[in-house]
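Visitor: Chains as they are written, first to last, in the working numbering: chain A, 1 to 396; chain B, 1001 to 1396.
Interface residues of chain B toward chain A, partial, derived using beta-carbon atoms under 7 Å:
id, residue
1, H1009
2, W1012
3, K1016
4, E1020
5, R1023
6, G1230
7, T1231
8, D1233
9, G1234
10, L1236
11, V1237
12, A1238
13, P1239
14, I1240
Since the hints were made in silico from the structure, they are not lab data. Where a beta carbon is used, it is the ideal one built from N, C-alpha and C, also for glycine.
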Amino acid sequence: MPTTTQATTKKFKCPTCGTVETVTGAPGEHIIVICPSCQTRGKAILPHTATHAHHKHGDAAIILTHLKKKFGDFTAVDDVSFTVMKGEIFGLLGPNGAGKSTIIRMLCTLSRPTAGSATVAGYDIVSQDSKVRQHIGLVSEKMIMYDDLTARENLALFGRLYNIPEPELKQRINTLLNFVRMEKWADARIDTFSTGMKQRINVIRALVNQPEILYLDEPTLGLDPQSTSDIRGLIRQINTEQGTTIILTTHMMTEADMLCDRLAIIDKGNIVALDTPAGLKKLVSGTENTVLEIEIQNLTTPMITAVKTSPAVKSVTQEDETHIKVQVLGPNAFDTIIDLLRKHGAKIALVRNIEPTLEDVFLHLTGRQVREKLSENNHSTGGPHGRRRRRAARVR
Amino acid sequence: MATRHILKHSFWICWKDLAEFSRSKIRLIMLVLMPLFMMVMVGFIFPSGNSIKDTPVALVNQDTGFNGTTMGTTFTTQLEMINNNTHMMKFSTAQGYDDIKTKLQNNEINGGIIIPENFSQNLMTGKQGYIIIVIDQSNPQVSLTMEGVMSQVISAMGAQTAAHTLNVTYHVSSDIAGSIITPFQPEFKGIVPGEPNYFQFVAPGIICMVVMMALMTGLPHAISYEKDIGTLDGMLVAPINRLSIILGKVMAQTIRGMIQGFIILLLAIGLFGVVIEGNILLVIFLVLLTVFSFVGLGILITSFTDREETATMVMMTLMFPMMFLSGVFFPLQQMPWYMQDFAHFLPLTYATTAMRKVMVLGAGLDAVMLEVAILIGFGVIMLAIAVPMFKKAMSR
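Model the full assembly from the supplied sequences, consistent with the hints where possible.
Guide: Following this line, the structure appears as structure tokens:
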């Protein structure tokens, strides 16, 4: 099973004899290097971000180094290392119970890692936890709000915990309420709000201390399509207007695709891939998964047979009387197939390139589908995966 | 500086808890109703010495008389005369012992009085006249009172008869007859004015108990509930000292408990005629001390339990024995020695004892020094264990 996206290299200098050796491997991989001249053993850690030159800023906001979290003998997060750059929207994508929330909780200082370390805004999450807390905002899966208080009171309460001077806090709250168009509802109690309104307040509540880094744990979970799109717009706006580094978790492929500059795909507590959404998709399309949907008005069996026998074609499926789906290989496949069809007198009405989705990427990387359905089935049959899932839910 | 911030943050957390509480009408109503019900309930269900009224008692006069005189009839007439003043009993007639037995079993009467057939004969021939009192063993309180009352009535009637006999037979003047028949006459005198009454006994204990209950149920509820709904995370990711959270919660619950305590105090004074003999400031000090001694225990249980439900169950299990074994409702002296020894491990015992000494007997601080020292000691030890446990539990 491939576990990384692209190969990366690092120069390794032998501590004994000074021989320089170039090590090649996956990003984040640890490689034991044996010096060719003196046989000294050393460890080289390949950089994660070496192949990504397109960051908005050069500095790291969050660095995870071999972060690990165990609950009893269940490993929720297993040796995870990655770096989030300043100003980035970084996604953690994976099925429920993959360990996304646990990573967020550790980075928020809510949970202590079993092993490994991480820095947030330059501070260690264990030894400098109170420093970390000053620079972060959290939008948790469960809303952090008191239903019996008004929107303004909620924002003020949390603002006061950050020692913001009262006049400034008042102004900030007004700005934030305007930002999400909730000024009219500022003095209404939270329990009178719709879920979408609540979530808007919940998001700005995390911004009251003007954090450098904002954590969003499943920010659109349980929202209707309109609110979901509102919140996604909000997230993008926070990132572009205030330059806030955002790290968000989601199990929705489309959400990750829409929002994230880069994302890590997480499965069973491990990172299975880390790249830009486009980069991750290329991973699939570069190999076997470019799919063409072709509409032929006079579709015949010989045409299908001809396409099937072409070396550039991996598989052909007939969708209906006029449509076929062709899975192609290689860079010139498109031309070859069109030529072949023309030769058989096909009247081509439409050719559509079905772009790979992140779902395809996940499937490609793990051999499993992200869908809830799959894990639910496992759950009910009580398979090993289902058991694991239940434990994860309990310990969270 | 740090202390100022801890206090400021805890103030806002306390404000939040009280604001939430005060927004619910039903909770506010219950705040007043609970102590009212408690007071009315304990005040009326536990009998004070003379609270028995119109207890149904069957009267059987089997006296056949002697030489034409029936002393039995004289006795019953006198008995009825006395009862007309006190209304303690309500007489009915029965056929005999078996009839009384049936009526007792049917719960028609609470006791019976039988004057045997040789009653007059015995008295007229220089013997003692026996009167049989049938008691209801299923109702110890009533039968105990019956025994006491009947003994009193019979000895009073006996004295009357004796005085009459002395006067008629030995020509002793009725003025000095009394000193011959009952030479010793006890006179009961309290150290504070007024008769002892059950409210006076129970009110100090109930004040301590309600304050304890508010804290022991309120504190785990306030913290575990927020943990369950996820809002606690909002406070935990803020750069505040964990102490602020406990302190804020404790303050809010203390205020709530104190309000209930004072409602009881006011009800006790206004409705039930309880008089505070001691210094009211000392009473308030003892209430606060009770709070202090229970805070640690409350926090400790909160740290150990993961969910609100568990916390409530643990609290209930601990609270009920404390309520009944600490001498709130029953005097400690009524309990067997091993239970008395056990009661001395419960802080509520000392709180109740001290409160009773001050409120009922008008004792000063010097008289309750031992109790105060024990309560402070218990509070300090519990807090020393609980605070580190809580801090640890909050960053799992």
